Amino acid sequence: MKSIKIFNSKSPTAKKLDTYSANKNTASIFLSIARYVFLFSFGYILLYPLIYMIVHAFQSADDFLDPTVQWVSKTYTFDNFKLAAKTVDLYKSAFTSIFVLLLSGLVEVFSCGIAAYGLARFNFKGKKILDVILILNILVPTTVIIIPTYINFRYMDIAGILNIVGTILKKELRLNLLDTPFVFYVPSLLAVGIQSGFFIYIFKQFFKGFPKELEEAASIDGASAWKTFFKIVIPSSGVAVLTVFIFSVIWHWNEYYRPAMFYSTNYPLAVKIKDFFTLVQGLGYNVYSAEAVNAAMAASIMFILPVLIMYMIMQRKFIESISQTGIVG
Amino acid sequence: MKKKTKGNLDANKNKIGYQFVAHWILGLLMFFIIPIIDSIKYSLTNITIAAGELKFKFIGIENYRQMLLSDAKYLDNVRDSVSTMFSSVPIIIALSLILAIVLNQKFKGRLIARSIFFMPVIIATGVVMVLLKSGYLRVPLFNVTSGAEYEYGGLIDFNEILLKLNFPSSINGLFAKYLSNVFDLIWSCGVQIILFLSGLQSISPQLYEVSKIEGATKWEEFWYVTIPMLKDVILLVLIYTMIQLFTSLDNPVVAQAYSIMKNNQIYDLSSAMLWGYFVLVMAVMGIVLLLYKQLCLKRWE
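Sequences listed follow chains A and B, in order. Counted the way the working numbering counts, the first sequence spans residues 1 to 329. Counted the way the working numbering counts, the second sequence spans residues 1001 to 1301.
Hints are computed from structural coordinates only; laboratory data are not their basis. A hint or two may mislead.
The calculated PhoX-like cross-link candidates involving lysine-lysine, where the alpha carbons are at most 25 Å apart (straight line), are [what the hints assert, rightly or not]:
1. A:LYS227 - A:LYS212
2. B:LYS1293 - A:LYS128
3. A:LYS86 - B:LYS1133
4. B:LYS1133 - A:LYS127
Cβ pair distances, simulated, as ranges [to be verified]:
5. B:GLY1286 - A:ASP89: 28 to 36 Å
6. B:VAL1288 - A:THR142: 17 to 25 Å
7. B:PHE1058 - A:LEU169: 26 to 34 Å
8. A:LYS128 - B:ILE1034: 19 to 27 Å
Covered stretches of chain A (in silico footprint by chain B; criterion: 3 or more residues with CB under 8 Å from a CB of chain B, positions within the stretch not fixed) [to be verified]:
9. 38-46
10. 121-132
This one's a predicted model, so the numbers in the text were calculated from it and none came from an experiment. We put the beta carbon where it would ideally sit given N, CA and C, even for glycine.
Just chain A, same shape as in the assembly (with noise of 0.2 Å):
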């Protein structure tokens, strides 16, 4: 960033030797006229849902139906997320969000760093076939193997054993994980968890690109791979772990098709303001009704608050980081 700087900025007296400075200030300043307008117009379209949302939030049901009424309300009110946080059963759904999905998301960012730096540092044997098979995972759209992993959660098993144990026993051994956590923690515990493939494609590429001296100085020094990893590498990859967290918590906090799928009571917060307007429908209101869209709306403010504002302070930062990861090459 600095050197761009320095590059760009020019001293009075090359302004003056530039003989087509005044031709290359109107151009400049009709450029940067074009900017603005170009930007506040996209600006518009991408804003437009948040205001929508805050509009109808804080309205009146009054208001919705008023005609005069277009971005301003004439009187505010907090009934439409009293009556958000009733349908979508707040604390409950939240407590599945927070302590199910984004705990997950947590374990994930390092259950695939750990992987990652095994397929970035260490040429064993078979490990051009994980690179494809990494690379397929990415791919691979979760709705193709989603069958086979409820059946696989319904009969959870380990490689068969419990099966053969329990038909030996006639008795049902496999265990069933559905509306568990455990659907959610035991593949990110084993870095197959949501969107994982592409994090350990992030974090490979960063640590790739790590020097290889610090972590040859600690092995001569005596330090296990291990505690090089944890002591040396880790400390020293804020950036890719930022990065792979940011991204990892937005995608779980969004998360509703596994969800959906696996359980069948409790949802997260994400399921509920899925099935919103189902589920107000079956508190008796209309789902055309101004307090039902008002209700809506609030309900998606309270949904993307948290996240917006994680996102407005590591905003900054995120940007610089996913620049230094390389993921970009």
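Starting from the known structure of chain A, arrange chain B on it as the hints suggest.
Relative to the frame of chain A, chain B by itself:
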């Protein structure tokens, strides 16, 4: 002698690698490879649900035949999703590249602009978008897709504009559809903008300095410095965008398979649908990447 010990040491050191990937290999076996094999198996069997247990009967390619010959919607959906891909990918890539270049420039309010333009990452990948696009709310920004019916929405009624401009009505619908899709496409640019932006930041400023000294115009600079330097990022974005378009639940084929799987519990046919589709997707992606390599990468070398 010395060499041998060193080789042994290296081999030993490399064996430690297994410790790092052991959990992942177990996970891949349990949650990726076996499910994939199972899923292929399902697509070749007839599955009946009896007393809570699934019963499998091998029937060969019967499911694929049924999907291609007797399902009226499947082929239409496949055609739709491939044509959508070909119309959307160039727009998404061009749009996100332009936005990334603009956001990479120095101007007042850049930080705010950046956080606005990454908002799609948070909203669009998530469930809120499902809610916003649902037919219950008539958010005037989005096209509402309810089942097979395609309704025009959007901020600007392009259909109306084109009619007023005296466009022939036969091509009107097509244009209006693509134009109003542009608004939807901006929403799928979030991650792409981030990738391009970080790619732009990793281009060394010296290159621009050299091109300036050589007397290149901004236009030439863009085509001869920026684009070739971004070739890896473009490849990454290309792959990411295609996966995103092909595998999202908005995709008509995926949506169709998902709905018959979840609502009607027909596991065999839906597996066949997804596998048939997946093979096609791989083929299309392979062709696109090959073309990219042949036409673009070679020229930029």
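Taking each numbered hint in turn, which are not upheld by the structure, reported in ascending numerical order?
As far as the earlier hints go, 4 and 5 are violated by this structure, in ascending order.
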